[in-house]
Amino acid sequence: MHILRMRDVAYVRRGETLVSSANLDLAPAQRLTRLCSSAREAEALAMMGAALARATAGSVTIGEYDPRVQPVHCKRIAAFVPHDPLPLSQIDAARYIAYRAALWDVDPARARKRAQELGEQLDGLHEAFAYPIVGALLPAPQLLVLDRPPSAFVPQILRAAGDCAVLIVETEGRT
Amino acid sequence: MTPRALRAIVSARLRAERRSLVFACAGAAIVGFIQPHGVAAITDPLTADVATRSVWLAGPMFFCSTIGIAIALMQGPGRHAFLDTSERSAPLFGRELARAKALAPVLCATLAAFVYWAAQFLSGFAAPPAFFVLALACVIASTLVALNATVSSGAARALAFVAAGVTIVIAYVLAVYADAYSTKSGDAVGVATELIVCGIIAFVALRQYGESLARYDPL
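Going line by line, the protein sequences match chains A and B. Going by the working numbering, 105 is the number at position 105 of the first sequence; the sequence numbering is gapless. Position in the second sequence counted from 1, then plus 1000, gives you the working numbering.
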């Protein structure tokens, strides 16, 4: 059984091929780092892996679901952490956690407790990078997709993810 | 979608747009105060009725709808990327997300329309409450139509803008002329016509927005 499977996946945007013929298999609790040649390719691949973007060609399966047909089911399984940090000038961490907990219908008290635990596990990582990861892990997803995370903190992030499958999409040459 | 998720999206969007909301209300208050309310001496009762209605309705309908359209356009992708990403990655259907995302600009536009009406009231030219309802229907419908421009590009985006403008004109014509010319049957006919037309436009626009959000590609 696979939590994420991509077969000959291509992504074309306005005539530009961002992803061509990507194949990927990720089992539950497995960790996988995928290198991409550009930031745009990495972003496209990560978004397809989290059911946020639809493949132009090929097939993507998240759990047992096709994101083109059942995107909501896929989003219950997969969580996405964007490359950009959280703009703390626009929203503070506590409010962000409450907002994410409400979107995924996580009990507020449980969300606060879980956020505190995850925050301690991600100690050292700047809040702007840590809280999107905390927010993504709140609903206990089965798959965590990280778009170019801070490389130095990847071991910490993987520890915080527990037994959740993790796909890290990186660009070549980035350390 | 749970009511809690709906509240979370609406409150996050309203908080993100709080400055715009203050500017919108301030603008509505100023224009409501300074808008000329005088009507030239007219002997024909029908012409006088149309002139009065147009003076009462032109300001709130055109100005507050423009505010609604501007706030709707601010909901487009990029302005609050972290909200967009969180909402898109949440397990919500397009129509659910559309309803929640639409509620914030609609509430802002409604508040601006109310402030405009209050300013008219304080300056001694308050329109009857039915006129406020007529203006509000126009503001909500045009705001919802304009939301479609945020998830489209090129010709579709231009079409959404034009449709929002046409919505305001249709609502204004119905509110002023249908209302004035239906006096024999009572104002209810004119009021109902405008409200029904705006309701249909708003319903179709919201559905279309939901469809567009479900198909929307963030890249």
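Just so you know, the hints here were simulated from the structure itself, not pulled from any lab data. In this text, a Cβ means the ideal position worked out from N, Cα and C, and glycines have one as well. Honestly, I wouldn't trust all of these hints.
Stated by the list, open to error - Beta-carbon label-pair distances, calculated as ranges:
| no. | chain 1 | residue 1 | chain 2 | residue 2 | range |
| --- | --- | --- | --- | --- | --- |
| 1 | A | Ala-29 | B | Pro-1218 | 43 to 49 Å |
| 2 | A | Ala-27 | B | Ile-1200 | 26 to 32 Å |
| 3 | B | Arg-1015 | A | Asp-107 | 18 to 24 Å |
| 4 | A | Glu-16 | B | Ala-1156 | 51 to 57 Å |
| 5 | B | Arg-1007 | A | Ser-89 | 20 to 26 Å |
Stated by the list, open to error - Here chain A is said to cover these stretches of chain B; the calculated rule only asks that three of the stretch's residues, wherever they fall, bring their Cβ under 8 Å from a Cβ of chain A:
| no. | stretch |
| --- | --- |
| 6 | 1006 to 1014 |
| 7 | 1082 to 1089 |
| 8 | 1131 to 1142 |
Going down the list of hints, with the structure as the test:
| no. | hint | result |
| --- | --- | --- |
| 1 | A:Ala-29 / B:Pro-1218: 43 to 49 Å | violated, 28 Å |
| 2 | A:Ala-27 / B:Ile-1200: 26 to 32 Å | violated, 51 Å |
| 3 | B:Arg-1015 / A:Asp-107: 18 to 24 Å | holds, 23 Å |
| 4 | A:Glu-16 / B:Ala-1156: 51 to 57 Å | violated, 20 Å |
| 5 | B:Arg-1007 / A:Ser-89: 20 to 26 Å | holds, 23 Å |
| 6 | 1006 to 1014 | holds (count 4) |
| 7 | 1082 to 1089 | holds (count 6) |
| 8 | 1131 to 1142 | violated (count 0) |
Comparing the model with each numbered hint stated earlier shows that hints 1, 2, 4, 8 do not hold.
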